[in-house]
Amino acid sequence: MRFTKDHEWVEVDGDVATIGITAYAAEQLGDVVFVETPDVGKTVKAGDGFAVVESVKAASDVYAPISGEVVAANAALSDAPETVNAAPEAAGWFAKVKLANPAEVDALMDRHAYEEYLATL
Amino acid sequence: MRYLPLTPDDRAQMLSVIGAPDIEALFADVPSAARVTELFNLPLHAGELEVERELVSLAARNRPAGAGPFFCGAGAYRHHVPASVDHIIQRSEFLTSYTPYQPEIAQGTLQVLFEFQSQVAALTGLDVANASMYDGSTACAEAVMMAKRVTRREKAILSGGVHPHYAAVTQTIAHAEGMEIVRQKAAIDAEADVIAAIDSTVACVVVQTPNVFGVVTDVTRIAEAAHAAGALLIVVTTEAVSFGLLKSPSERGADIAVAEGQSIGNALNYGGPYVGLFACREKLVRQMPGRLCGETVDADGRRGYVLTLSTREQHIRREKATSNICTNSGLCALAFTIHLSLLGEVGLRQLAALNHSRARDMAGALKSAGVEVLTPRFFNEIAVRVPDASAAVEALLADGIVAGVPYSRLDPHAGLDDVLLLAATETTTSEDITALAAALKRRAGR
Amino acid sequence: MTMNNVGRPTGPGAGGATAGHASLTGGRGLLQDEPLLFELGGWDKTGVDFDSAEHDASDLGDLVRTAAIGLAGLSEPETMRHYVRLSQKNHAIDLALYPLGSCTMKHNPRLNEKMARLAGFADLHPLAPVSTAQGALELIDRLAHWLKTLTGMPAVAMTPKAGAHGELCGLLCIKAAHEAAGQGHRRTVLVPTSAHGTNPATAAFVGYSVTEIAQTADGRVDLADLEAKLGDHVAAIMVTNPNTCGLFERDVIEIARISHAHGAYFYCDGANFNAIVGRVRPGDLGVDAMHINLHKTFSTPHGGGGPGAGPVVLSEALAKFAPAPWVVHDGTGLKLVEEAAGEAAQAFGRMCAFQGQMGMFVRAYAYMRSHGADGLRQVAEDAVLNANYIKARLSAEMTPAFPDGPCMHEALFDDSWLEGTGITTLDFAKAMIDEGFHPMTMYFPLVVHGAMLIEPTETEPKRELDRFCDALLALARAAKAGDAARFTGAPYLAPLRRLDETLAARKPKLTWRPDPPALSEERAQVLAS
Chain B
1 MRFTKDHEWV
11 EVDGDVATIG
21 ITAYAAEQLG
31 DVVFVETPDV
41 GKTVKAGDGF
51 AVVESVKAAS
61 DVYAPISGEV
71 VAANAALSDA
81 PETVNAAPEA
91 AGWFAKVKLA
101 NPAEVDALMD
111 RHAYEEYLAT
121 L
Chain L
1 MRYLPLTPDD
11 RAQMLSVIGA
21 PDIEALFADV
31 PSAARVTELF
41 NLPLHAGELE
51 VERELVSLAA
61 RNRPAGAGPF
71 FCGAGAYRHH
81 VPASVDHIIQ
91 RSEFLTSYTP
101 YQPEIAQGTL
111 QVLFEFQSQV
121 AALTGLDVAN
131 ASMYDGSTAC
141 AEAVMMAKRV
151 TRREKAILSG
161 GVHPHYAAVT
171 QTIAHAEGME
181 IVRQKAAIDA
191 EADVIAAIDS
201 TVACVVVQTP
211 NVFGVVTDVT
221 RIAEAAHAAG
231 ALLIVVTTEA
241 VSFGLLKSPS
251 ERGADIAVAE
261 GQSIGNALNY
271 GGPYVGLFAC
281 REKLVRQMPG
291 RLCGETVDAD
301 GRRGYVLTLS
311 TREQHIRREK
321 ATSNICTNSG
331 LCALAFTIHL
341 SLLGEVGLRQ
351 LAALNHSRAR
361 DMAGALKSAG
371 VEVLTPRFFN
381 EIAVRVPDAS
391 AAVEALLADG
401 IVAGVPYSRL
411 DPHAGLDDVL
421 LLAATETTTS
431 EDITALAAAL
441 KRRAGR
Chain V
1 MTMNNVGRPT
11 GPGAGGATAG
21 HASLTGGRGL
31 LQDEPLLFEL
41 GGWDKTGVDF
51 DSAEHDASDL
61 GDLVRTAAIG
71 LAGLSEPETM
81 RHYVRLSQKN
91 HAIDLALYPL
101 GSCTMKHNPR
111 LNEKMARLAG
121 FADLHPLAPV
131 STAQGALELI
141 DRLAHWLKTL
151 TGMPAVAMTP
161 KAGAHGELCG
171 LLCIKAAHEA
181 AGQGHRRTVL
191 VPTSAHGTNP
201 ATAAFVGYSV
211 TEIAQTADGR
221 VDLADLEAKL
231 GDHVAAIMVT
241 NPNTCGLFER
251 DVIEIARISH
261 AHGAYFYCDG
271 ANFNAIVGRV
281 RPGDLGVDAM
291 HINLHKTFST
301 PHGGGGPGAG
311 PVVLSEALAK
321 FAPAPWVVHD
331 GTGLKLVEEA
341 AGEAAQAFGR
351 MCAFQGQMGM
361 FVRAYAYMRS
371 HGADGLRQVA
381 EDAVLNANYI
391 KARLSAEMTP
401 AFPDGPCMHE
411 ALFDDSWLEG
421 TGITTLDFAK
431 AMIDEGFHPM
441 TMYFPLVVHG
451 AMLIEPTETE
461 PKRELDRFCD
471 ALLALARAAK
481 AGDAARFTGA
491 PYLAPLRRLD
501 ETLAARKPKL
511 TWRPDPPALS
521 EERAQVLAS
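Residue numbers (our numbering), protein chains in the order written: chain B, 1 to 121; chain L, 1 to 446; chain V, 1 to 529.
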C-alpha cells in the first residue's frame with residue numbers, strides 16, 4: 001500500500017489501483033456521513049479532485065493519487081458511509097482506477113514514510 | 001428613544017468598565033475622513049402615533065384587493081386566511097427567533113419545518129422537499145441550476161406558458177452561470193411544443209401548469225420525452241391551492257416541482273414576502289439547494305429535529321455550495337404550514353373545488369356577455385380576449401372593478417395586447433362576477 | 001375559634017429529591033411532549049368551513065387528482081394547541097439576549113408588525129394597477145431615499161429578498177458593468193479568509209472563481225496580499241466592513257483605492273452595517289455596491305429563518321445595470337418600471353417575480369422613522385458600546401481574539417482559555433443553554449480557533465448584559481475548575497439534549513411517512529432467513 005501527503009492510499013493489483021483514504025484521515029474527519037464516488041468510465045489525472053467525503057460539518061475533496069480510468073466505485077458506501085470510519089484501508093475503499101502511468105505509484109510514500117510524515121503533523 | 005434601553009448613567013458606567021474616555025474612542029478605527037460628525041439630513045425620531053399616522057396615510061393611498069370586485073392573479077392570489085394563522089405567527093417564539101442553529105432550543109421551528117417539508121412533499125407527490133425558498137420565481141431558477149448539476153448539461157427549455165417574470169429570473173441567473181435558456185414563444189395552450197425542442201444536450205424542461213394563461217396541461221408526454229433524452233422535468237405551479245384539485249407534479253412525471261406557496265397562509269403583500277416550495281425525487285436530494293430539516297434522536301434517545309445535509313450549503317461548502325441561499329422564508333413557511341393544517345386534506349380539496357367552481361362561474365358569465373374565453377382547461381384562472389387589455393383595465397377601474405392583469409404588463413413584446421388574465425378564488429362573489437361581465441359587455445358594446 | 005383545616009396546603013411541599021425525576025408522559029411541566037401534525041390530525045378533519053362548490057370538476061376529466069394527497073387536518077383549537085406547544089420549545093429575542101454574532105438579533109418593534117398588516121399594504125396585489133398602489137410606491141421610494149442617504153450612495157436596487165440574494169444582485173451588476181466595458185475577461189473575485197460563506201458561494205454562483213486574501217495578525221485585510229492578487233483578471237473584491245471579526249477595516253479607503261486602480265469593483269458585505277449606521281457612509285469609503293440586511297440593521301423580524309430583505313445600494317458606475325422593476329416619478333405620480341427599455345436597457349435582468357419584500361419594507365421604514373437620524377446614530381453607538389462592554393467584562397476569564405483596541409458591534413473570543421479543560425467551544429455553548437441563553441455564533445469566522453462571536457445589539461439593557469456576563473464568567477470559572485461534565489453533557493435542562501447530527505445525515509429522514517405495517521412473526525422469519 002502506498003500513501004500521499006493528502007492522506008489517500010493506493011493498493012495496486014496488476015494494472016488496477018484501489019484508492020481510499022487513510023485511517024488517519026478517517027479519524028480526523030470524524031463520522032463520515034456521505035461519500036461521492038467518481039463515475040465509472042471517468043478519466044482522472046493525478047492531483048485532481050475525484051471524490052468527496054462528507055462529515056456532518058465538512059465536505060472534503062479526495063484527490064486522485066494516480067492517473068487513469070475509473071473502472072469501479074464502491075457502491076456499498078452510499079448505504080453505509082460509516083464503513084469509511086470502520087475500515088478505511090479495506091472495505092471503505094472509494095474507487096478502482098486502471099493505471100495510465102504505473103510509475104506514478106512509485107513516487108508515493110510507503111507506510112513507513114507515511115508514518116514518519118504523520119509524526120511531523 | 002423607546003427602543004434603546006441604555007440610560008446616560010449606564011453608558012458612563014460601561015465606558016468606565018471598558019476604560020474608554022468616550023464613545024468616540026470606540027470608533028477609533030474609523031478613519032477620520034470617513035466619520036460623519038453631524039446628523040444626516042433626515043427627520044428626527046418620532047413617536048408611535050406620528051409614525052402610525054404617516055404609514056396609515058400611505059396605506060390609504062392604495063386600494064386593497066378586498067375593497068371591491070377584484071380579479072388579479074398571475075402569480076399572486078387573494079385567498080382568505082384564517083385569523084388563527086396570523087395570531088400564531090406573531091408569537092414571540094416564532095417571530096423573534098432565527099434559523100435553528102441550536103436545535104436543543106429551536107425544536108419549535110424545526111418541527112414546523114419538518115411538517116412543512118412533509119406537506120410540500122405530499123402536495124407535489126415527490127419524495128423530499130426543502131425548508132423553503134424566497135419565492136416561486138427564485139425556486140424556479142434554482143431548479144434549473146440544480147438540473148445543470150445533476151445532468152452536467154448546460155441547456156434548459158422553458159415552455160411558452162411559464163410566467164414571464166419566472167422566465168426572466170431564471171434567465172438572469174442562468175446567464176450568469178453560463179447556461180443557455182431556450183424560452184419558447186408565449187402561447188396560450190402550447191406546452192406540448194417543448195417536446196420538439198428536447199434533445200440529448202438538454203438538462204431540463206420547465207413547464208408551468210396551470211400555466212400563466214391558466215391552462216391546465218397533462219405533462220405526462222413531456223415527461224416521457226424529457227426522460228428519454230436524459231433530461232429532467234421541472235414543473236412550476238404559481239397557485240398552490242391547485243394541488244388540492246389537480247394531479248400532482250409527481251403523478252405527471254416531474255423530477256423537480258417548484259411552486260409559489262403564497263396562496264396558502266400568506267397575504268398578497270404587494271409581492272413579498274412569499275414562500276417558494278421546492279421538492280424533488282429522493283435520489284437528487286444532495287444536489288438540492290436550501291436548508292433541509294431531518295429527524296434524529298437526542299442523547300436520551302428522544303425524537304428531535306436538526307438541520308441536516310448542510311454540507312451542500314454555503315456556510316460549509318463556500319464556493320462549492322449548491323446555492324448561496326442562507327436566510328429563506330421561515331415565517332411564511334410557518335404560516336403556510338398552519339393554514340394547511342387547518343385545511344387538512346378535506347379542507348384543501350374543498351377550497352380547491354370552490355376556486356374552480358367560481359372560475360367556472362366567471363368563465364360562464366363572460367361567455368354569456370360575449371367575451372371570448374381563451375383558456376380551454378383551467379383551475380381558477382383564465383385568459384380572455386379583450387381589445388387593448390391595458391386600457392380596459394384602466395377603464396374598468398372607474399367602475400370600481402380591478403379587472404385582472406393585462407398579459408402585456410408581464411411580457412410587453414409578445415404581441416398579446418388583447419389578452420387579459422383573470423383569476424377567481426373563494427373570495428370572489430357572484431356579484432363581483434356579474435359586475436365584471438356587465439362592465440366588459442358595456443365596453444365591448446361601445 | 002373556628003378552624004378550617006381542609007383547605008389546600010400552601011407550603012413548598014416535601015422538596016428535596018428532584019434530580020433525575022422524569023415525568024411519566026414525556027412532558028416537563030409546561031413543556032408538552034408534542035407529536036407531529038400527521039400523528040395528531042386526520043385526513044377527514046378540518047379547521048375551516050366552506051360553502052359547497054356549485055360546479056364539479058368534470059370539465060377537467062382525468063387531470064383531477066383522485067389519489068389521496070396525504071395531508072393531515074386539525075380543528076382550530078387543536079391547531080392553536082399544537083403550534084403554541086411547539087413555540088414554547090424555541091428561544092427568542094423576546095425571551096432573552098440572543099447573541100448570535102453577525103446576525104444582529106435586536107428587538108422587533110410591534111408597531112412595525114401592525115403597520116405591515118394595514119390592508120393597504122398587506123392586501124395589495126403586486127400587479128394591481130399602478131394607480132391603485134401609489135402609497136406603496138411612495139413608501140418604497142421613501143425607504144430608498146433613507147437607504148441612499150444613510151449609505152451615501154446614489155442608487156438602490158430594492159428587489160433582492162435576503163442578504164445573499166443582495167450579494168447576487170450586486171455581483172450581477174458588477175458582471176454586467178464589466179461586460180459593457182469590454183472587461184468580461186475579469187472573472188476572479190477576491191474574498192478575505194474571514195468572509196461569510198455566502199460571499200464565495202455567491203461569486204461561484206455567478207460563474208466567478210474565488211481567490212482568498214490573507215488576513216493580518218490584527219484581524220484585517222492584508223493590504224500587501226490584496227495588492228499582489230489584484231490584476232487584470234479581478235472583477236471585484238468582496239469585503240465585509242465592519243468585518244466578521246467585529247473590527248473596522250482601518251485601511252478601507254486604501255482597499256477601495258487600489259482595487260479601483262486595478263479596475264476591480266468594491267463589493268461591501270453590509271451584514272454588519274448596524275455598527276456604523278448614522279456615523280459612517282459606505283459611499284465615502286469607495287464602496288461600489290453593498291447589500292443591507294433589513295432584517296438585521298433595520299429590525300424586521302428574523303422569523304425563525306426569514307423572510308429577510310436585502311436591498312443593494314449602488315455607485316453611479318453600477319446604477320444603470322440595476323435589475324427591474326424600479327420606481328420613477330413622472331410628474332403626475334409614481335410609476336413602476338417593470339421592463340427595462342431605452343436608456344435603462346442595460347439592466348442585467350430581474351431578481352424575483354415582483355417588487356421585492358414589501359412587507360419588510362413597511363417594517364423597516366416604520367423602524368427608521370421611529371428612530372430618525374438621531375436615533376439611528378445612537379443605535380450604532382449603543383451597539384458598539386454594548387459589545388465593548390461584553391468584551392471588557394468577559395476578558396476577565398476568556399481570551400479575546402484581538403485584545404488590542406476596541407471592537408465594533410461584536411466581540412470575538414478564541415478557545416485558548418479552554419486549553420487543558422477538555423471542554424470545547426461547542427460544549428461551552430451548550431452549557432449556556434442550561435443557563436437560559438442562546439449560544440453565540442461558534443466556529444466562525446474560520447480564521448480564529450474555536451471562535452465565539454458575540455453580538456449583543458443596542459436593544460439589550462445593561463441589566464441583561466450583566467446577567468449574561470455573570471453567567472458566562474461563572475461558566476468559565478466552572479470550566480477552569482474542572483467541572484467538565486457540566487459542559488460535555490450539556491444541555492441538560494433544554495427541551496431536548498444534544499442531538500445526533502451524524503444519524504440525521506447518514507440516514508436522512510426528511511419527511512413524515514407512516515410507519516410500515518408491523519410484520520407478522522412468520523413473515524419476519526421468512527425475511528430474516
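Check the hints yourself; a few may be wrong.
Stated by the list, open to error - Here are the simulated distance ranges between beta carbons:
#: 1; chain 1: B; residue 1: Gly30; chain 2: L; residue 2: Glu177; range: 39 to 45 Å
#: 2; chain 1: V; residue 1: Glu254; chain 2: L; residue 2: Asp22; range: 25 to 31 Å
#: 3; chain 1: V; residue 1: Glu316; chain 2: B; residue 2: Val105; range: 33 to 39 Å
#: 4; chain 1: L; residue 1: Pro387; chain 2: V; residue 2: His260; range: 24 to 30 Å
#: 5; chain 1: B; residue 1: Val105; chain 2: V; residue 2: Leu31; range: 56 to 62 Å
#: 6; chain 1: L; residue 1: Ala299; chain 2: V; residue 2: His260; range: 51 to 57 Å
#: 7; chain 1: B; residue 1: Asp48; chain 2: V; residue 2: Thr399; range: 49 to 55 Å
#: 8; chain 1: B; residue 1: Glu82; chain 2: V; residue 2: Glu212; range: 29 to 35 Å
#: 9; chain 1: L; residue 1: Ile195; chain 2: B; residue 2: Gly30; range: 44 to 50 Å
#: 10; chain 1: L; residue 1: Asp9; chain 2: V; residue 2: Ala317; range: 46 to 52 Å
#: 11; chain 1: L; residue 1: Gln90; chain 2: V; residue 2: Ala180; range: 31 to 37 Å
Please keep in mind that the hints were generated in silico from the structure rather than gathered at the bench.
C-beta: ideal position from N, C-alpha, C; glycine also.
Cβ-Cβ distance between Asp48(B) and Thr399(V): within 49 to 55 Å? 41 Å, violated
That 29 to 35 Å hint for Glu82(B) and Glu212(V) (C-beta), does it hold up? Between Glu82(B) and Glu212(V), where Cβ atoms are some 33 Å apart, the hint holds.
Measuring from beta carbon to beta carbon, are Asp9(L) and Ala317(V) in 46 to 52 Å? 47 Å, holds
Range hint compliance [Cβ, Glu316(V) to Val105(B), 33 to 39 Å]: 59 Å, violated
Measuring from beta carbon to beta carbon, are Pro387(L) and His260(V) in 24 to 30 Å? 54 Å, violated
51 to 57 Å was suggested as the range; check whether the CB atoms of Ala299(L) and His260(V) agree with it. 54 Å, holds
How does the Cβ-Cβ distance of Ile195(L) and Gly30(B) compare with 44 to 50 Å: does it lie in that range? Hint holds: Cβ distance 48 Å, inside 44 to 50 Å.
I want to verify a distance hint. Is the separation of the beta carbons of Gln90(L) and Ala180(V) within 31 to 37 Å? 46 Å Cβ-Cβ, so the 31 to 37 Å window is violated.
Honestly, do Glu254(V) and Asp22(L) meet the 25 to 31 Å range at C-beta? The hint (25 to 31 Å, Cβ to Cβ) holds, given that Glu254(V) and Asp22(L) are roughly 27 Å apart.
When you take the CB atoms of Gly30(B) and Glu177(L), is the distance between them in 39 to 45 Å? 33 Å, violated
Within 56 to 62 Å: is that where the Cβ-Cβ distance between Val105(B) and Leu31(V) falls? 60 Å, holds
Consistency note: the structure conflicts with the earlier hints numbered 1, 3, 4, 7, 11.
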